[in-house]
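*Asks:* Taking the hints as your guide, dock the two standalone chains into a single complex.
Quick mapping for you: the protein sequence lines, in order, are chains H and D.
Going by the working numbering, the first sequence opens with residue 1196, and the numbers climb by one from there.
Going by the working numbering, the second sequence opens with residue 12, and the numbers climb by one from there.
Keep in mind the hints are simulated off the structure, nothing from the lab.
Incorrect hints may appear among the rest.
What the hints assert, rightly or not - Computed beta-carbon distance windows for the label pairs:
1. Ile218(D) - Gln1329(H): 40 to 48 Å
2. Leu1364(H) - Tyr144(D): 52 to 60 Å
3. Lys207(D) - Asp1259(H): 21 to 29 Å
4. Lys207(D) - Gln1329(H): 22 to 30 Å
Source: prediction; values computed, not measured.
Note that beta-carbon positions come from the ideal geometry of N, C-alpha and C, so glycine has one too.
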Amino acid sequence: MAKLELSHLNKTYSPKIIPVKDVSLDVDDGEFLTLLGPSGCGKSTILRLIAGLEQPTRGEIRIDGKNVTQHSPGDRNIAMVFQSYALYPHMTVYDNMASGLKLKRVSSEEIRRRIEQVSLFLGLGNLMQRKPGQLSGGQRQRVALGRALVRQPDVFLLDEPLSNLDALLREQVRAELKQIFESQNTPVVYVTHDQTEAMTLSTKVAVLSNGDLQQLDPPRRIYTHPANRFVAGFVGSPQMNLLDLKCEGKFAILGNYKIPLPGRMTPPPEITLGVRPEHVRLAEPSDTHTLQGKVILKENLGMSDLLSVKVKGAENQTLRALLPSDRPWSAEEVTLALPPDLIHWFDVETGDRLTSENLQPVY
Amino acid sequence: MSTAQLPAEPRTQTDKSSISWRRILWITAIVLTVIFSLAPILWQVLTSFKTNADIEAVPTVYLPTRFTLQHYIEIFARRPFANYMFNSGFVAVTSTLLCLLLGTPAAYALARLRLPGERIILAIVLVVTLFPYILLFLGLLEIVRATGLANNYLALIIPYTAMNIPLTILVMRSFFQQLPRDLEDSAKVDGYSTWKMLLHILLPMTIPALVTTGILTFIASWNEFLFALTFITRESMKTIPVAVAQLSGTTVFEIPYGAQAAATVVGTLPLVVLVLLFQRRIVQGLTSGAVKG
Ligand SMILES: Nc1ncnc2c1ncn2[C@@H]1O[C@H](COP(=O)(O)OP(=O)(O)O)[C@@H](O)[C@H]1O
Ligand SMILES: [Mg+2]
Chain H
1196 MAKLELSHLN
1206 KTYSPKIIPV
1216 KDVSLDVDDG
1226 EFLTLLGPSG
1236 CGKSTILRLI
1246 AGLEQPTRGE
1256 IRIDGKNVTQ
1266 HSPGDRNIAM
1276 VFQSYALYPH
1286 MTVYDNMASG
1296 LKLKRVSSEE
1306 IRRRIEQVSL
1316 FLGLGNLMQR
1326 KPGQLSGGQR
1336 QRVALGRALV
1346 RQPDVFLLDE
1356 PLSNLDALLR
1366 EQVRAELKQI
1376 FESQNTPVVY
1386 VTHDQTEAMT
1396 LSTKVAVLSN
1406 GDLQQLDPPR
1416 RIYTHPANRF
1426 VAGFVGSPQM
1436 NLLDLKCEGK
1446 FAILGNYKIP
1456 LPGRMTPPPE
1466 ITLGVRPEHV
1476 RLAEPSDTHT
1486 LQGKVILKEN
1496 LGMSDLLSVK
1506 VKGAENQTLR
1516 ALLPSDRPWS
1526 AEEVTLALPP
1536 DLIHWFDVET
1546 GDRLTSENLQ
1556 PVY
Chain D
12 MSTAQLPAEP
22 RTQTDKSSIS
32 WRRILWITAI
42 VLTVIFSLAP
52 ILWQVLTSFK
62 TNADIEAVPT
72 VYLPTRFTLQ
82 HYIEIFARRP
92 FANYMFNSGF
102 VAVTSTLLCL
112 LLGTPAAYAL
122 ARLRLPGERI
132 ILAIVLVVTL
142 FPYILLFLGL
152 LEIVRATGLA
162 NNYLALIIPY
172 TAMNIPLTIL
182 VMRSFFQQLP
192 RDLEDSAKVD
202 GYSTWKMLLH
212 ILLPMTIPAL
222 VTTGILTFIA
232 SWNEFLFALT
242 FITRESMKTI
252 PVAVAQLSGT
262 TVFEIPYGAQ
272 AAATVVGTLP
282 LVVLVLLFQR
292 RIVQGLTSGA
302 VKG
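Same shape as in the complex, but just chain D (with noise of 0.2 Å):
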């Protein structure tokens, strides 16, 4: 027995050591790209957190002692930051709507129904995703101006959606394609309807990629600025964007960071949150077993 087991000793120590050493790397890499991709954001928050003093002293505090509410306080009491979340959501949530509502059934149809010129369709659809959008700016400008959507909510929600449709087609499309068109066949042979079968089958099954689309079409729109900034001048009816970028002091040396921070972190939070909200919805269902895997 022991003899037999003599040779297999030395090999389980490297082994132990490879693994090890393996690890230590591995742990290097992960924490020096969260250290990359966190740092700006600790920042922002922990320059938020910060008093006045702390922000403008020279050496820079890395690591502060004194944490204030004051900059939250500033921007919620002093300016309307809760109605530029209002508005920022309600576009944001109207365009992702309209974009599913719209683009869910369009790319239902491309990726079922054997339309006739169905290539073209999706090469015009790529093309749309692949025109820089600062080129359609003008042309949107001056139709905004034409029909008179100045300071209306329309005017950020009917670009945004139009500006989504194209990715959630696509996504939606490849996501069809992807469901077993048995499914589909088992439940006419059960006896759906078509409408049945798509809201009692098909539609609880597209949930995830649903979410997902959701959630890449409201981030694109809480995030837009350029044309928020030039469809909206009216105060009451701003969003966050735009809102951050114009809180400034009056002069350079009155820069307000920690407000600017604040807002940031502010505007950023309900994206955050989303995402961690849906995120096993997102991984979950897509792999669960309709058919053999």
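Okay, chain H solo, but in the shape it has when bound (with noise of 0.2 Å):
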């Protein structure tokens, strides 16, 4: 029973490194926050100002209305589990997850007590006398995983733990991720740059880039409302189509067609218009608003076929279409047609979301 609250958080290494900026956040119980963001960003950077493996140069850690900026790691009562699993090799399985207890002077009956609870739960029994070496990827994955789980701490920090795995086992250990953190009434925050990770197993998706947030909402919103250009560009694939149109009285220029702008005010000189390929279909006679274009490339995903395709009249401008395969279409041109409530509009200079009531700027 906890809550995590980071404010204004900044960590400066030297005036050009400056990986973590300006983050605020909250994290309650039971909540799934994940930090998502390339490679870079300062994922880890908060992550290890939150264990305080690292000591902010500004703002303020509180977990449970406490401020915890100050105390070690030892003293925060915080479990994390890192990308390399990080076992002690020298130690069994057992040794393994009962040494955090032990520090903490947790009487050697409860420990074996709640070591037997975990491993039945993750399927470790016959395991507990190997050493790390002994394991499988996957095993040490869940190892480090029950070492955490053990500490029955106040916050868990995860830093990319499922990227050593390989893919199939990947998709199998999240599905078990989901289940074990749900049953956990304990806030979690967990760190990837993989979408998919973050948009099935959170509650809270943080987007960051170069030690900024650049949105906190639910995935859902993330990926139907993304705050600004960089957000819409990095969350979902295929990519979203991100075209920078001239403006026209009400309407973006596209090639040789126009596409209505929402709103009253008067539209900026130009814009960026953004749409998912998978939002791009294929024309209806019913459409009043459709574009032709020629189809230079087709790229097989199985399910789908992803054109890229050039818009009649633009012949810089390519726009991606993600179709079923089964819909028939003629190789070379095809007609398609952009859902007008599918449409996303950004301020070309910022990158800001604008708004379909006014074309302003969300804050």
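*Replies:* If you want it as structure tokens, here you go:
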């Protein structure tokens, strides 16, 4: 039972290296927060600040209302799972799990009870006397997880715990992680650069870029309402089409076509249009706004085809469309429709999202 | 079935013969290498067990039929070889321990703390290893004289430690660098204090590297000749290499080949035993799984 609060965290290594600029977040009991961003954007640094492995240059960390910014890692009652698992190679699985508890002077009976419970839960029962060197990658991952669980900490921290597993195992463990942490009523902070993990596991996602928080929202909303151009381009696969277009009256100009801008105020001279490939579809007779283009590339993704289309009249603009492979279309030319309610508009200069009401930045 | 298998058959045969050719080449190469490096040692061992008559016999007796322990008895009974062994052992063990004790923390600091001027310190350490040690000799001799350390174990222990510390620092530093930092962080999150972490987490993982560098230092100190010859003149404090070199007869015609061979064997044996003893430690552990391989 605890709440993790970060307020105005900043970590400055040198004037040029500022991996965390000004981050404020809350994570409540039972919440699963994912820090999502490209590698090098400061995710691990934030986690290490929470753990106390680094001291923030500015800002405060509170757990359960108590300011722990000055506490050493061992006094914060947190558990951390590292990307490399960081199991002690000279200790058995049992001792690996027990070491943190022994230091906290938990009675050996209680230690045994907790380890038994967790190892039953994770299926580690018959590995207790092995050393980490005798375990497979997946088993090591489980032990690392078990070591965190037996601690019964106030906060769980996980730094890319799945990135060392092969694709198949990763999917399986991802599902297990979801179950495990749903049963723990504790704040979880999870770091990943993999958007699928972020989307499937979290109750909240914090998208980071260059040490700045870009958006903090539930995963669904990150997908449907990206706060800016960066989030729009980073979340979603295949990547969202982002086209810089000139405006004319109440229309954005894409080649020979005019796309109506929503809202009432005077539109800017230029605007960024964003539309996800999966939302672009083949035009039907009832569609009013359609555009034609030449197919320059077709990538088969199994269930669907990813087309790269050169829109008529716009030689340097490519639109990508994800079409179900069972729908027929001519190999050369396609007529596509962009559903108006699934188009996102961004400010060309700042990248901020423009709302459909007034074409003004959200903030 | 059989038709499907047919085309495969000739290939298996050529495979087999090419493999066996390879094997023969391999074995020959191994045998030649072993002979090349071990023959002189084998010759010393044989000589140490030959009778004096066989040693001096012309034509040379390559495979003796008579064996004797006479030479060994001679070096231990008529000369204080047990004493020499102790001197060598004491000096080598002490400098090895000192080296590890001083060098390992320095290596850890250089690997982990972001020290200002770290590169300069490393460059200096490296330069020291490149310095020809003969050039140090005269200076050291003066120092030994001035401090009155002659005929004192310290006259050997201090230079041996100093000479081997750069190697210890460089080897241990690269070892610490390849240890994942996560392990130490994990220990801190678990609640280990810095000292407990060093002692309970880091040290056990470091043992293979300590043993490896320790053995290198020990061998270097055990074999050192020039300082031992010059700084120590009292008979009871001499080390093995010096003692072996000073085993000689009164004339060229009485060179005690047998005793020399026995002394060489005795002087080499501890090193061989040491390496064999720790062989498994050296290889093992370095590869055990702290992290995903
Ligand atoms: N101890 C440090 N000293 C200097 N720079 C560091 C240090 N630790 C991390 N950095 C820098 O901070 C940036 C963010 O690193 P990190 O938080 O590990 O990124 P992520 O986990 O998002 O990939 C990187 O550019 C990295 O080089
Ligand atoms: Mg990272």
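*Asks:* If a hint holds in the structure, say so; if it doesn't, say that too.
*Replies:* Tested hints:
About 19 Å separates the C-beta atoms of isoleucine 218(D) and glutamine 1329(H), a value inconsistent with the hinted range of 40 to 48 Å. Our hint of 52 to 60 Å for leucine 1364(H) and tyrosine 144(D) holds, since their Cβ atoms are close to 55 Å apart. For the pair lysine 207(D) and aspartate 1259(H), the supplied restraint of 21 to 29 Å holds, since their beta-carbon distance comes to about 26 Å. The given range of 22 to 30 Å is respected by lysine 207(D) and glutamine 1329(H), whose C-beta atoms sit roughly 26 Å from each other.
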